[in-house]
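**Q** Those protein sequences? They're chains A and B, same order as listed. If you're matching positions, the first sequence starts at 535 in our numbering and goes up one per residue. If you're matching positions, the second sequence starts at 535 in our numbering and goes up one per residue.
Everything labelled a hint here was simulated from the structure, so no lab data went into it. Computed from a predicted model, the values in this text were never measured in an experiment. Please note: incorrect hints may appear among the correct ones.
Calculated cross-link-like contacts (lysine-lysine; reagent style BS3-like; alpha-carbon spacing at most 25 angstroms) [as the list claims (entries may be wrong)]: (1) K627(B) / K661(B); (2) K716(B) / K718(A); (3) K602(B) / K718(A); (4) K716(A) / K627(B); (5) K716(B) / K602(A); (6) K601(A) / K718(B); (7) K644(A) / K718(B); (8) K718(B) / K572(A); (9) K785(A) / K550(A); (10) K770(B) / K733(B); (11) K572(B) / K718(A).
Far from chain A by the CB rule (all over 12 angstroms, computed), these chain B residues [as the list claims (entries may be wrong)]: (12) V614; (13) N619; (14) A625; (15) K644; (16) P701; (17) V738; (18) E773; (19) S781.
Note that CB positions come from ideal geometry on N, CA and C, so glycine has one too.
There are 2 protein chains.
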Amino acid sequence: MISSRYHLDGLVKMAKRQLLLLSSSNVHGHEYLEYAAKDICELLTLNNVSTVLFVPYALSNHEEYLKKVEQPFRRWGFQVESIHNQNPLEAVKQAEAIFIGGGNTFRLLKTLYDLNLVEAINERVLKNGIPYIGSSAGTNVATRSIHTTNDMPIVYPPSFDSLNLVPFNINPHYQDPDDGSKHKGETREERIMQYLEEKDSSHVLGLREGATLSVNGNTAVLKGLIGARLFIKGQKPREIDVGSDLSYLLKE
Amino acid sequence: MISSRYHLDGLVKMAKRQLLLLSSSNVHGHEYLEYAAKDICELLTLNNVSTVLFVPYALSNHEEYLKKVEQPFRRWGFQVESIHNQNPLEAVKQAEAIFIGGGNTFRLLKTLYDLNLVEAINERVLKNGIPYIGSSAGTNVATRSIHTTNDMPIVYPPSFDSLNLVPFNINPHYQDPDDGSKHKGETREERIMQYLEEKDSSHVLGLREGATLSVNGNTAVLKGLIGARLFIKGQKPREIDVGSDLSYLLKE
Chain A
535 MISSRYHLDG LVKMAKRQLL LLSSSNVHGH EYLEYAAKDI CELLTLNNVS
585 TVLFVPYALS NHEEYLKKVE QPFRRWGFQV ESIHNQNPLE AVKQAEAIFI
635 GGGNTFRLLK TLYDLNLVEA INERVLKNGI PYIGSSAGTN VATRSIHTTN
685 DMPIVYPPSF DSLNLVPFNI NPHYQDPDDG SKHKGETREE RIMQYLEEKD
735 SSHVLGLREG ATLSVNGNTA VLKGLIGARL FIKGQKPREI DVGSDLSYLL
785 KE
Chain B
535 MISSRYHLDG LVKMAKRQLL LLSSSNVHGH EYLEYAAKDI CELLTLNNVS
585 TVLFVPYALS NHEEYLKKVE QPFRRWGFQV ESIHNQNPLE AVKQAEAIFI
635 GGGNTFRLLK TLYDLNLVEA INERVLKNGI PYIGSSAGTN VATRSIHTTN
685 DMPIVYPPSF DSLNLVPFNI NPHYQDPDDG SKHKGETREE RIMQYLEEKD
735 SSHVLGLREG ATLSVNGNTA VLKGLIGARL FIKGQKPREI DVGSDLSYLL
785 KE
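Whole structure, please, built from the sequences with the hints as guidance.
**A** Shown next, in the form of structure tokens:
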């Protein structure tokens with residue numbers, strides 16, 4: 535029944551979308567993931583989630599990564615199971631909620647393709663409406679493509695297209711230009727502008743560390759501790775304050 | 535004659551290699567390319583070069599880029615012709631020397647593939663021995679792959695394999711970790727270490743801004759204003775002083 539409504543009506547599909555996209559897991563002055571605890575717990579509790587499926591593919595040591603992630607979630611009252619300890623595709627199909635952590639975005643996306651998980655996660659989140667939490671690389675892959683990651687291209691994925699849970703790009707760990715710097719490499723803003731040169735129309739949301747995008751159906755709101763910077767082709771970048779409605783970014 | 539020697543004897547091929555690989559064109563306190571003027575002029579003069587073929591594909595505005603690059607080369611007594619104003623493949627075949635400037639490495643490499651220039655440049659440099667000067671993105675593509683670029687993946691090239699003029703990787707604009715930083719994104723060293731995790735054996739030379747690698751046949755020497763940092767899988771990173779012999783990196 536859900537399946538047919540999904541294909542008949544895009545709005546029904548989108549109405550199920552529940553995402554929490556974090557710029558980073560670590561924020562200066564806060565314990566791992568702790569700055570986002572309220573938003574994470576609220577999302578999981580509202581959906582009666584007891585166990586979160588963790589995807590550790592962005593780092594090489596999955597078991598160590600799992601141990602790190604279990605701590606805050608357990609403290610908050612949630613179990614964590616890692617996808618690397620089970621049949622990955624089955625785990626996605628059974629998941630109550632998914633958390634994809636940070637690390638290297640290229641390694642993460644390549645692994646998702648290698649294991650045939652891209653479409654499976656997209657369906658589980660957009661069609662079945664399970665909560666998706668991403669941080670850093672996990673936020674990059676949640677968008678339409680990884681074209682605006684900061685990471686080093688250490689492996690070659692079969693495509694830069696990603697989970698496409700939102701129809702725009704995010705740049706996590708967004709950093710403002712440092713006027714006092716003697717470094718001559720491109721600033722983050724210059725890099726994002728180079729991406730926009732390649733597109734006919736495009737939006738890139740630069741999420742500073744501590745900023746979070748909450749998406750509920752067709753509504754998007756900036757949450758967290760700090761504002762974001764929005765880049766739109768042909769326009770001057772604009773500042774986005776915490777609490778701002780960003781639902782217009784969800785229109786393809 | 536050159537062709538048959540090339541295929542019969544790898545050493546003959548390598549003996550022709552003449553490269554100058556710059557970390558960056560801009561260095562704090564110096565005019566554009568000026569810090570490397572002596573090394574550039576020496577390389578071109580020794581080879582009786584009068585006209586340099588410029589490859590501007592890493593930036594979007596080729597004409598503007600050409601105007602910028604012409605200035606220092608003219609001042610030093612060399613003509614510059616840009617590949618974007620002629621038949622690209624023919625231009626490579628006729629070139630006396632090639633200079634590939636910085637910008638976005640992904641855009642640069644994709645364009646080289648789109649125009650069938652990867653093999654042509656490789657042959658012209660390794661087989662015919664014309665001087666190759668690269669800066670930043672132009673240094674990245676000179677190595678075996680672009681896996682260690684700092685750039686944003688704004689376009690999807692058909693491969694990360696590049697010109698393969700040297701059998702290792704370079705990270706240009708290398709930056710040491712900033713212990714005072716509140717930023718939680720990966721340091722450059724962490725990113726390079728993630729790359730080494732993916733390889734059985736590999737070398738990455740981190741060229742700080744102002745550092746230059748000079749390759750003459752099977753000899754490589756660090757030149758420029760500042761040292762480099764060398765990353766080898768399974769070993770502690772080591773400091774490389776200006777003037778150091780790095781020829782061992784050329785052994786595949």
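**Q** Could you grab the alpha-carbon distance between K718(B) and K572(A) and see if it respects the 25 angstroms cut-off?
**A** This hinted pair holds, its Cα atoms lying about 21 angstroms apart.
**Q** Does the structure keep K785(A) and K550(A) at a Cα separation of 25 angstroms or less?
**A** holds (15 angstroms)
**Q** Checking a non-interface call: every C-beta of chain A should be farther than 12 angstroms from the C-beta of A625(B). Is that right?
**A** Fine: 24 angstroms to the nearest Cβ keeps A625(B) off the interface.
**Q** Given the proposed pairing of K572(B) with K718(A), does the C-alpha separation stay at or below 25 angstroms?
**A** holds (21 angstroms)
**Q** For the pair we were handed, K716(B) and K718(A), check the Cα-Cα distance against 25 angstroms.
**A** holds (20 angstroms)
**Q** Are all C-beta atoms of chain A more than 12 angstroms from that of E773(B)?
**A** Given a closest Cβ separation of 19 angstroms, the condition holds.
**Q** S781(B) clear of chain A by more than 12 angstroms, beta carbon to beta carbon?
**A** holds (26 angstroms)
**Q** Are K644(A) and K718(B) close enough, with their CA atoms no more than 25 angstroms apart?
**A** holds (24 angstroms)
**Q** Please verify that the nearest CB of chain A lies beyond 12 angstroms from K644(B)'s CB.
**A** violated (10 angstroms)
**Q** Is it correct that the beta-carbon of V614(B) has no partner in chain A closer than or equal to 12 angstroms?
**A** Given a closest Cβ separation of 21 angstroms, the condition holds.
**Q** Is the straight-line distance between the alpha-carbon of K770(B) and that of K733(B) 25 angstroms or less?
**A** Measuring from Cα to Cα gives roughly 16 angstroms; hence the hint holds.
**Q** Test the statement that P701(B) is away from the interface with chain A: the closest C-beta pair must be farther apart than 12 angstroms.
**A** holds (18 angstroms)
In summary, the structure is inconsistent with hints 4, 15, 17 from the numbered list given earlier, while agreeing with the others.
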